[in-house]
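**Student:** With these hints in hand, go ahead and build the complete structure from the sequences.
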Amino acid sequence: MKGKDIDTKLEYSSRMSLVSDFLKGSRHYLFLTVVFVCLLVGFELVNPKAIGYTVDLIIGNEEQLPGFIKSFIEWMGGREYCLNNLYIFALIIIGIALIGAVCRYMFKLMNTKSAETLGKTMKDTLFDHIIHLPFSWHDQNQTGDIIQRCTTDVDMIRDFIANQMTQVFRMVLVISMSLVFMCRINFVLSVAAFLFIPIVVGYSLFFHGAIGKSFMLADTEEGNLSAIAQENLTGVRVVRAFGKERYEKDRFENKNAEYTKLWVRTMRLLTQFWTINDLIGGIEIMTVVTLGAYLTVKGTISAGDYVAFLSFNGMMIWPTRELGRVVSEMSKAGISIDRLLYIMNSKIEEDSENAVEFPGNGDIEFKNVTFSYDGASVLQDVSWKFKKGETIGILGGTGSGKTTAMMLLDMFYELGDDNGRITINGVDISNIKKSSLRQNIGMVMQEPYLFSGTLEDNIKIAADDVDHKMVMDASRISSLDNAIEKFTQGYDTYVGERGVTLSGGQKQRTAIAQMLVRKPSIMIFDDSLSAVDAVTDGKIRKALNESIEEDRKNNNNDTTVILISHRITTLMNADRIFVLDDGKVIESGNHDELVSQDGMYSKIYKLQVLAGEGGLDEE
Amino acid sequence: MKNKSSFLGFGTLWPYLKKYKLMFIRMIIMGMMVSSVDAIYPLFNRYAIDHFIAYKTLDTLPMFIALFVVFALAQAVVNYFNVLDCSSIELYINRDLRNNAFEHLQDVSLSYYNQNSVGYIHARVMSDTGKIGQMASWRLMDIIWFGSNILFSMIVMLIVNWKLAIWVILIVPMAALSISYFQKKLLILNRDIREQNSKITSNINEGITGVKSIKSLVIEDKMNRHFRDDTVSMYRKSLRAAHFDAMFNSTVAMLTSIALGLVIWKGGALSAEHMIEIGTLSIFMSYAMGMLFPIQTVVSSISQIVAIRVNIERYVNLLNVEGEVRDSEEVIKKYGTSFEPKYENFEKLNGDVEFENVSFQYPDGDELVLENFNLKVPKGCNVAIVGETGAGKSTLVNLVCRFFEPTKGRVLIDGEDIKARSLKWLHSNIGYVLQTPFLFSGTVRDNLRYGKEDISDEKIMESLSMIGADSIVNKLKDGLDSNVGESGDMLSTGEKQLLSIARALLADPKILILDEATASIDTVTEKIIQNAVSKLIKGRTSFVIAHRLSTIVNSDVILVVNEGKIVEQGNHKSLMKARGEYYNLYTRQYEELLIDSRKEE
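Chains as they are written, first to last, in the working numbering: chain Y, 1 to 619; chain H, 1 to 601.
Some clues are possibly wrong.
[What the hints assert, rightly or not] Listed next, the in silico DSS-like pairs over lysine-lysine satisfying Cα-Cα at most 27 Å (straight line):
{"id": "1", "chain 1": "Y", "residue 1": "Lys388", "chain 2": "H", "residue 2": "Lys527"}
{"id": "2", "chain 1": "Y", "residue 1": "Lys347", "chain 2": "H", "residue 2": "Lys376"}
{"id": "3", "chain 1": "Y", "residue 1": "Lys255", "chain 2": "H", "residue 2": "Lys376"}
{"id": "4", "chain 1": "H", "residue 1": "Lys212", "chain 2": "Y", "residue 2": "Lys519"}
{"id": "5", "chain 1": "H", "residue 1": "Lys334", "chain 2": "H", "residue 2": "Lys408"}
{"id": "6", "chain 1": "H", "residue 1": "Lys510", "chain 2": "H", "residue 2": "Lys376"}
{"id": "7", "chain 1": "H", "residue 1": "Lys18", "chain 2": "Y", "residue 2": "Lys255"}
{"id": "8", "chain 1": "H", "residue 1": "Lys379", "chain 2": "H", "residue 2": "Lys212"}
{"id": "9", "chain 1": "Y", "residue 1": "Lys519", "chain 2": "Y", "residue 2": "Lys385"}
{"id": "10", "chain 1": "Y", "residue 1": "Lys213", "chain 2": "H", "residue 2": "Lys131"}
{"id": "11", "chain 1": "Y", "residue 1": "Lys606", "chain 2": "H", "residue 2": "Lys573"}
{"id": "12", "chain 1": "Y", "residue 1": "Lys70", "chain 2": "H", "residue 2": "Lys131"}
{"id": "13", "chain 1": "H", "residue 1": "Lys452", "chain 2": "Y", "residue 2": "Lys255"}
{"id": "14", "chain 1": "H", "residue 1": "Lys477", "chain 2": "H", "residue 2": "Lys510"}
{"id": "15", "chain 1": "Y", "residue 1": "Lys584", "chain 2": "H", "residue 2": "Lys212"}
{"id": "16", "chain 1": "H", "residue 1": "Lys577", "chain 2": "Y", "residue 2": "Lys539"}
{"id": "17", "chain 1": "H", "residue 1": "Lys419", "chain 2": "H", "residue 2": "Lys379"}
{"id": "18", "chain 1": "H", "residue 1": "Lys527", "chain 2": "H", "residue 2": "Lys477"}
{"id": "19", "chain 1": "H", "residue 1": "Lys379", "chain 2": "Y", "residue 2": "Lys367"}
{"id": "20", "chain 1": "Y", "residue 1": "Lys49", "chain 2": "H", "residue 2": "Lys56"}
{"id": "21", "chain 1": "H", "residue 1": "Lys565", "chain 2": "Y", "residue 2": "Lys486"}
{"id": "22", "chain 1": "H", "residue 1": "Lys131", "chain 2": "Y", "residue 2": "Lys255"}
{"id": "23", "chain 1": "H", "residue 1": "Lys334", "chain 2": "H", "residue 2": "Lys348"}
{"id": "24", "chain 1": "Y", "residue 1": "Lys385", "chain 2": "H", "residue 2": "Lys212"}
{"id": "25", "chain 1": "H", "residue 1": "Lys212", "chain 2": "Y", "residue 2": "Lys347"}
FYI, nobody ran anything at the bench for these hints, they're computed from the structure.
**Tutor:** Structural data, given as structure tokens:
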């Protein structure tokens with residue numbers, strides 16, 4: 001097994017170590033985001049200052065201007081000249097804003113780069129990890145849940161690190177920088193402005209904590225309403241057949257009314273919060289305006305400083321109001337990280353130490369194989385030997401263990417130490433590299449999975465160097481060619497989730513073609529002709545035999561074929577047939593031997609093959 | 001449908017909105033009040049600067065504070081009610097639209113459900129309605145708030161100093177044009193991103209559901225490469241959108257500064273010549289800085305409202321779907337509607353069913369699936385319909401239930417055309433057991449009483465024990481009061497199956513439709529279900545979409561369906577002899593025989 005493409009640790013001990021792995025590749029973007037935030041905030045704050053100086057110049061408060069501005073005015077040609085050419089100052093202000101705008105652009109771009117790189121790394125890593133997790137893990141976990149973790153939780157973490165953290169950083173920076181500038185203008189006035197910050201942030205933190213429950217309740221109620229609609233639509237035939245339209249309508253309307261009421265209540269709370277928040281903000285502004293006016297009248301600060309102070313104050317208010325909300329949202333991210341930790345800390349499939357390549361085609365032997373799954377015994381002491389080049393038939397019902405036996409051969413499940421051995425060409429398969437083993441075993445399942453792509457893509461999916469002629473040959477052998485001819489786009493017909501829906505039989509035949517182009521030395525047909533009719537079934541097996549014979553003559557390949565089926569006609573020509581029942585081999589031999597044994601095989605044979613000739617009448 | 005006079009498609013929705021006419025008017029008036037106060041606020045600053053600071057006096061300060069507080073309080077109060085109105089309108093419209101859609105869906109003919117996936121219909125009921133409600137409230141409010149804010153600000157500026165005002169107002173069309181350019185661009189880019197995102201999600205889905213194939217084909221690396229191609233493309237698309245978004249933001253910021261620069265340049269000169277007071281300069285600066293955000297919001301709200309048209313059309317289309325199967329006027333007069341039936345006029349149903357020269361074509365199909373089909377099913381007779389998955393076995397069932405009506409010919413019950421009676425009459429006499437047993441969330445009792453609400457607990461338990469399902473209820477902690485969970489998910493498939501059989505048994509219908517499950521259930525439960533089914537169909541006219549051999553073999557009539565058409569008809573013996581389609585299907589049913597044969601030993 002080649003292992004994963006993305007190099008990650010085997011086990012994460014903490015949230016931080018996982019996040020730090022995820023941050024590979026996006027750290028420098030995050031750093032640049034922070035740099036540009038700082039620059040942006042800096043220029044945003046310089047602007048009111050520049051405006052303040054200009055105002056002071058206009059109203060003739062030059063004495064109060066700092067020295068370097070005075071010398072600048074002198075250098076320009078004095079106050080008179082400046083006042084006649086105010087456009088210069090306008091241009092300076094626009095110039096500062098332009099630099100600010102560039103910083104803003106860079107900040108946004110870097111922020112997106114860091115967020116998207118992080119999101120991409122997380123998704124790539126998770127996907128890579130998930131497809132390398134053992135099959136038993138997939139058996140135990142629900143698809144919907146894993147998808148949710150790979151999408152919603154990933155987005156949550158991405159937003160937390162790349163958006164919310166930078167947002168909070170920016171807010172704190174704006175607030176504290178404004179305060180610094182404000183303090184330099186006037187300390188007393190700044191304290192008056194500052195007093196409101198803990199009140200607003202505290203109130204908003206408290207409120208969002210408290211309203212969280214109300215939101216959750218409303219969300220749950222929305223889920224319930226949505227579920228009722230879903231149930232009604234899915235069960236529409238039951239509703240109609242029992243004549244319960246009225247009942248359903250009332251049920252939905254009641255739930256809908258409840259849900260609406262809950263939201264109206266939540267909205268009222270939220271509106272109260274915003275109104276009070278607005279009022280606090282209004283009082284803050286009024287305090288600053290009046291106290292500032294008082295100080296200006298007293299001559300403590302200049303009119304220009306007063307104007308600048310008002311701008312700084314205005315800048316600070318928005319982030320102060322938002323801070324509480326953002327912080328209360330951030331707490332959700334921890335849970336998401338834990339949900340990803342669960343996936344990343346699940347162990348992926350690994351080869352045993354010193355695993356070797358596939359030892360070449362040879363006899364397949366099960367020696368006393370016993371296997372249980374989820375506490376239920378599936379195989380009991382199964383021993384058999386398939387000789388190289390043989391065609392083997394296995395007959396067994398649902399739960400007889402036939403599929404599990406094949407899954408063990410392909411190493412989807414691991415055999416415990418005391419549960420017997422499976423060997424190929426004398427080598428214990430647990431010492432063979434999984435990828436090498438699977439490349440040499442072709443398995444067609446009863447319900448094959450088609451990937452989104454064209455039919456040809458699907459046939460070639462595991463063999464890239466295959467040309468179109470080989471695809472056509474394989475389709476001929478698997479009797480897929482007739483079906484393909486019916487599609488207007490032939491081999492380019494799009495299938496899978498977003499494409500044409502194929503019938504069960506067509507899927508099975510596609511999977512057979514897909515296996516044939518790989519030319520594996522062991523072919524397993526796990527009930528994979530169940531959805532094609534008896535005639536096509538026979539046709540496929542005949543073509544397959546011919547191609548294997550040809551291969552034997554021309555290339556000296558001895559392909560071993562394992563057929564698993566319910567249908568006697570599928571199996572009757574096999575070299576040897578094993579009958580599995582309840583995890584045990586109860587009969588074995590060739591068709592004639594088994595028929596004469598008068599066991600389960602012959603009973604089924606009679607039911608299936610002879611029934612049509614009137615044999616059932618005896619029953 | 002596309003009514004040009006309708007305002008962005010909202011016109012078609014007016015019947016549902018007009019109920020809130022007064023609320024709308026109040027919302028608009030209050031919204032304008034709130035934003036007019038916002039536009040007045042800078043005047044306070046001006047007064048502070050031009051009066052207190054210019055004259056170095058604090059004489060009117062108490063008055064000033066008092067006025068400020070009055071304005072702030074008045075605005076807060078009006079704003080409070082305004083926002084409440086707005087959210088109420090949103091929620092009430094959502095509620096009404098949802099109720100309407102839901103009620104309509106109870107009446108739409110079933111072909112609609114065959115043509116549209118549950119997910120699609122569900123989205124119309126739950127998500128389109130939400131979006132429409134949001135547009136009719138918040139986005140509309142945004143336009144009113146910020147639109148009138150722009151308007152009032154312009155008026156104040158023009159009154160204070162019209163020469164300077166013109167410079168600021170000049171920015172408005174420039175801003176509106178560039179903002180709407182970026183909005184359009186971003187709308188498209190964001191749609192691209194959403195599509196790419198859903199592609200990635202379906203890739204993840206493929207990686208998980210197809211994991212067995214991936215492993216056995218050893219294509220992990222290939223899947224990884226494909227996945228990364230898509231995440232890279234997602235990255236590129238997001239960056240492109242971010243580029244425009246950042247340009248957009250920076251442009252808005254620049255426009256603000258240009259407006260400010262203009263005020264300083266033109267206004268500063270006026271102020272230096274004492275043509276205007278410094279306070280006036282300051283309020284112009286406030287307006288210049290505060291103008292861009294409202295413009296941005298108004299433009300973006302407008303483009304969102306324009307985009308909602310699609311949702312409105314989809315919603316209205318749903319309401320316009322006419323039930324293809326409806327009761328005629330006379331029938332309604334006699335039997336009432338589905339919601340208000342006149343039970344007193346319902347005739348007793350006996351149970352003879354007859355297909356008379358029936359030809360049928362699905363509304364979305366292109367060929368006849370039944371042609372001059374004739375079949376008499378006397379009372380108590382069992383009909384088994386067999387065939388492969390997707391072969392069209394439900395067609396006959398759909399006709400008996402009158403989910404669809406024959407293209408030609410008639411379906412008769414007790415010798416009477418079913419169209420002459422009401423749907424409600426028919427359905428209250430038909431029992432239906434689904435392949436995937438369907439229970440509704442609620443208690444076991446709720447579910448079992450689904451057909452008849454006045455059934456006693458004794459009767460329920462009696463029926464349960466009759467089919468051997470009483471152990472299910474006895475096992476549950478709260479007995480009949482136990483909750484079955486969403487869609488009955490707290491119970492196993494076998495248990496759900498048994499309860500749905502019990503539900504049909506309690507409804508005691510004369511005609512029974514049964515869609516047998518193919519899902520594998522453990523042998524013991526399977527045996528119980530088989531028993532239950534045979535008890536249920538006994539003595540009733542039944543149509544069974546059958547998978548179980550015992551059901552099929554013992555049926556009076558077997559119909560074999562392939563590619564939508566009935567290809568064979570007869571009983572077990574005659575069909576086995578024919579060695580045709582039925583024989584083929586039958587030989588595949590070996591599994592059950594294996595179970596049976598093991599039992600015999």
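**Student:** If you draw a straight line from the CA of Lys388 (chain Y) to the CA of Lys527 (chain H), is it 27 Å or shorter?
**Tutor:** violated (42 Å)
**Student:** Next pair to validate is Lys419 (chain H) with Lys379 (chain H); report whether the Cα-Cα distance is within 27 Å.
**Tutor:** holds (20 Å)
**Student:** When you check the alpha-carbon spacing of Lys334 (chain H) and Lys408 (chain H), does it fall within 27 Å?
**Tutor:** holds (25 Å)
**Student:** Next pair to validate is Lys577 (chain H) with Lys539 (chain Y); report whether the Cα-Cα distance is within 27 Å.
**Tutor:** holds (24 Å)
**Student:** Would the pair Lys70 (chain Y) and Lys131 (chain H) pass a check requiring their Cα atoms to be no farther apart than 27 Å?
**Tutor:** Status violated; Cα separation ~58 Å.
**Student:** For the pair supplied as a hint, Lys565 (chain H) and Lys486 (chain Y), confirm whether the alpha-carbon distance does not exceed 27 Å.
**Tutor:** holds (20 Å)
**Student:** Can the restraint linking Lys347 (chain Y) and Lys376 (chain H) be considered satisfied, given a maximum Cα separation of 27 Å?
**Tutor:** With a Cα-Cα distance of about 63 Å, the restraint between Lys347 (chain Y) and Lys376 (chain H) is violated, given a limit of 27 Å.
**Student:** Measure nothing beyond the straight line between the CA atoms of Lys18 (chain H) and Lys255 (chain Y); if it is 27 Å or shorter, mark the hint as holding.
**Tutor:** At roughly 24 Å apart (the allowed maximum being 27 Å), Lys255 (chain Y) and Lys18 (chain H) satisfy the hint.
**Student:** Next pair to validate is Lys334 (chain H) with Lys348 (chain H); report whether the Cα-Cα distance is within 27 Å.
**Tutor:** Between Lys334 (chain H) and Lys348 (chain H) the Cα gap is close to 15 Å, so the pair holds against 27 Å.
**Student:** Please verify whether Lys131 (chain H) and Lys255 (chain Y) have alpha carbons no more than 27 Å apart.
**Tutor:** Holds - the C-alpha atoms of Lys255 (chain Y) and Lys131 (chain H) are around 20 Å apart, at most 27 Å.
**Student:** Check whether the Cα positions of Lys49 (chain Y) and Lys56 (chain H) lie no farther apart than 27 Å.
**Tutor:** holds (23 Å)
**Student:** When you check the alpha-carbon spacing of Lys452 (chain H) and Lys255 (chain Y), does it fall within 27 Å?
**Tutor:** OK: Lys452 (chain H) and Lys255 (chain Y) at ~22 Å, within 27 Å.
Violated hints, in rising order: 1, 2, 3, 8, 12, 14, 19; the structure is consistent with all others.
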